[in-house]
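Working from the sequences, and respecting the hints, build out all of it.
Number of protein chains: 4
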Amino acid sequence: MSRSRAPELVQADDILEFTLDSQPLKQTDARLYGERVIHGGIYQARPDVNAVCHHHAPSILPFCISGMELKPVFHLGATLGETVPFWDARDDFGDTTLIVAKPEEGASLARALGPSWIVLMRRHGATVAGATLEELTFRTIYTARNAALQIQAHTLGHVSPLNEAEIRLAGEYNLRPGPVARAWEYWNVRLDKAEGTFRPKKEKTGAPKKSAAKRRARRHR
Amino acid sequence: MSRSRAPELVQADDILEFTLDSQPLKQTDARLYGERVIHGGIYQARPDVNAVCHHHAPSILPFCISGMELKPVFHLGATLGETVPFWDARDDFGDTTLIVAKPEEGASLARALGPSWIVLMRRHGATVAGATLEELTFRTIYTARNAALQIQAHTLGHVSPLNEAEIRLAGEYNLRPGPVARAWEYWNVRLDKAEGTFRPKKEKTGAPKKSAAKRRARRHR
Amino acid sequence: MSRSRAPELVQADDILEFTLDSQPLKQTDARLYGERVIHGGIYQARPDVNAVCHHHAPSILPFCISGMELKPVFHLGATLGETVPFWDARDDFGDTTLIVAKPEEGASLARALGPSWIVLMRRHGATVAGATLEELTFRTIYTARNAALQIQAHTLGHVSPLNEAEIRLAGEYNLRPGPVARAWEYWNVRLDKAEGTFRPKKEKTGAPKKSAAKRRARRHR
Amino acid sequence: MSRSRAPELVQADDILEFTLDSQPLKQTDARLYGERVIHGGIYQARPDVNAVCHHHAPSILPFCISGMELKPVFHLGATLGETVPFWDARDDFGDTTLIVAKPEEGASLARALGPSWIVLMRRHGATVAGATLEELTFRTIYTARNAALQIQAHTLGHVSPLNEAEIRLAGEYNLRPGPVARAWEYWNVRLDKAEGTFRPKKEKTGAPKKSAAKRRARRHR
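Chains X, H, S and U are the protein sequences, given in the same order. In terms of our numbering, the first sequence opens at residue 525 and continues consecutively. In terms of our numbering, the second sequence opens at residue 525 and continues consecutively. In terms of our numbering, the third sequence opens at residue 525 and continues consecutively. In terms of our numbering, the fourth sequence opens at residue 525 and continues consecutively.
Check before you lean on any hint, since a few could be wrong.
Pairs involving identical chains hold if they fit within one copy or between any two copies, as the list cannot separate such chains.
Claimed, not checked - With a straight-line cut-off of 20 Å between C-alpha atoms, the simulated DMTMM-like cross-links for lysine to aspartate or glutamate are:
1. K717 / E532
2. K595 / D553
3. K595 / D619
4. K626 / E541
5. K626 / D616
6. K595 / E541
7. K626 / E559
8. K626 / D612
9. K595 / E696
10. K626 / E696
11. K595 / D545
12. K717 / E658
13. K550 / D716
In case anyone wonders, no lab produced these hints; they're calculated from the structure.
Below is the structure:
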């Protein structure tokens with residue numbers, strides 16, 4: 525995990541290694557994220573999790589504020605599962621800063637996550653888990669998009685979730701290598717474009733490359 | 525159609541040719557879109573269609589989720605027609621992944637589209653057809669804008685559609701060569717700007733080019 | 525007015541001169557805007573108007589669709605006046621294409637505008653008038669922003685307009701040279717930034733320019 | 525404070541010094557902000573305030589229009605405090621231009637602010653105060669984000685505020701040096717990116733810099 529820095533600014537040499545107790549492996553003067561126990565707590569409880577994201581996505585927060593239940597409403601939101609866990613720190617800790625900074629708070633959050641892959645945090649945001657970084661990114665982005673659509677659909681009328689079978693079938697399809705890889709390539713390109721380092725990749729399709737196509741591709745760099 | 529790739533990343537040498545059965549013409553190792561049968565199914569059923577777009581536009585999805593009927597509410601949405609077809613895969617297939625991957629699913633969707641130019645897909649998105657690529661793009665973008673306006677208008681009060689005559693008259697006007705060409709030029713320029721390849725075009729207006737105007741146009745490149 | 529082209533693409537040599545009957549002064553092969561009679565009709569009826577804007581702003585259209593009355597709700601929307609005229613083409617013409625292409629339609633719209641500076645057009649958009657181009661731009665942008673705020677405020681509760689005296693006093697203040705000039709400089713800079721031609725201007729403030737400030741300003745170009 | 529100019533355009537040599545009576549220290553021909561008495565009035569009343577921001581943020585204005593009470597709804601909005609002061613110029617001045625241009629109007633607004641750090645201005649916007657510029661920026665941005673979330677949450681159901689203890693605890697945590705510094709760095713980078721002057725900073729973390737990381741960081745500039 526990076527030292528404490530706005531995520532958009534993180535560079536390769538900001539990355540530090542931590543123990544499962546969220547202590548840095550090597551001694552450092554860098555300021556660390558106060559909420560690193562969110563990550564450590566989940567890694568401790570879930571050997572199947574290899575990537576964690578904590579965020580305050582504006583589309584998800586209304587569900588952490590209003591009490592309306594977040595549920596999968598379109599095919600790409602199926603990874604939400606049938607019930608989205610909701611963690612309220614007051615259950616274990618009474619009134620707090622709402623920040624998850626103590627190991628026991630991270631452990632409490634991990635208990636609320638249970639075997640799921642996303643947990644909402646009252647008045648705060650969400651934490652998402654994944655078996656891989658690619659899958660984590662897919663889950664994080666599409667659950668947030670599902671939330672945005674649920675809010676919009678709610679203004680038009682009653683919103684019901686996908687049914688149990690659809691959630692299972694669509695959720696499985698979403699996480700197949702094809703969809704996840706296509707999305708992963710896309711988001712990496714968007715990052716490169718944002719950083720001004722984008723060069724279009726050319727993958728072999730098996731068809732002979734026409735020379736005109738080659739010149740056009742070169743112009744696109 | 526392209527090999528399976530996020531649309532924003534598609535290059536000229538990603539484009540492959542397919543049969544009406546959505547099989548690639550030339551043997552290829554490239555990963556293909558799972559939902560290419562949406563396109564093949566419509567081309568099979570509709571000889572008048574020469575371009576198809578399948579999307580998950582955020583303004584359209586609330587109508588695929590909430591059961592609120594999408595209808596033309598402003599002049600540029602008239603191409604929606606009086607009734608927008610709605611396809612529910614459960615009618616023919618029960619619970620599915622919500623993905624249209626099997627030929628029979630593409631055929632079912634094409635039946636729902638019927639003679640129309642857009643069909644909503646429950647919990648998924650929409651598919652749009654056009655006689656030309658230019659017309660397809662016009663229909664796709666303005667139906668999505670109509671949807672966004674209908675959602676906003678709905679928060680202010682009851683929303684009624686354009687009447688039958690207006691839908692017909694405005695729809696015809698929208699698809700005249702002038703409006704479609706003006707929009708087509710605009711969206712091409714926006715793509716070029718996004719890709720950093722934009723050079724302002726100078727069309728002959730019949731008026732002598734003033735030298736000051738020429739210098740100003742050159743500065744804008 | 526420009527020949528028929530998406531506004532964002534208009535260049536200096538697209539601009540043509542028209543009579544008050546919306547006929548081009550010089551013979552031209554260029555395609556012309558079908559709705560130029562909106563402009564000509566208002567110039568004919570209003571000798572005090574020297575700039576006209578016709579648009580389909582997404583924040584204004586919900587008021588052209590839902591029947592909710594657009595009203596000034598914040599200080600910068602005071603130029604809307606107490607009552608915003610609403611033009612319904614069906615009153616004079618029955619069912620139409622919703623496009624204002626005939627001289628009599630432009631005249632009808634101008635009658636609806638009356639002595640006001642903005643008129644809403646049912647299911648279509650709005651037309652705004654101004655004594656100068658700077659004032660027109662101010663009115664156009666801030667009436668659209670007022671509309672957006674009215675929609676948001678409406679979701680929170682009942683929305684009442686500014687009272688009569690506030691509309692008059694705030695409206696007068698808005699259109700003083702200072703506010704209009706400051707906004708005009710700002711929007712011109714935003715256009716320059718969008719076109720990649722922005723160079724920060726340095727106006728004399730009367731204070732001696734410090735050399736450090738000079739070097740910093742140079743770095744900002 | 526700058527001379528009268530759209531904030532986005534302000535350069536170093538636009539900055540002028542003013543007395544607490546909002547008069548320029550040095551004689552100048554520059555046009556000055558009509559509302560500089562907002563700032564002067566608060567500095568007069570509040571020796572603990574060293575930075576002031578007046579704005580018309582679109583997420584805050586609906587609360588200045590609708591009468592809905594703005595309240596802290598998520599952890600980063602805790603700095604709103606339990607009750608957000610609301611200033612109505614009509615109480616002291618009857619109908620006005622809604623602009624705060626007279627010294628007595630600035631004084632009235634400062635009285636409404638009282639010991640708080642934000643005051644809403646009916647039909648106008650908000651004014652925010654801070655002990656430092658960094659703190660002011662944090663308060664300004666996160667109170668506006670809280671407002672946006674409250675509007676969204678309101679569409680989903682009843683919205684209650686954080687409780688008294690949470691407001692106090694979370695508010696204190698928000699304004700610790702760590703969170704404020706991290707946010708300050710982030711917003712400065714966003715400004716640099718917007719102005720095209722961004723160069724990634726490399727801070728010593730105490731770990732030896734790997735040569736591969738060094739080359740990668742150099743490529744990111």
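Check: When the hints from earlier in the document are held up against this structure, which numbers fail?
Finding: 2, 6, 11, 13
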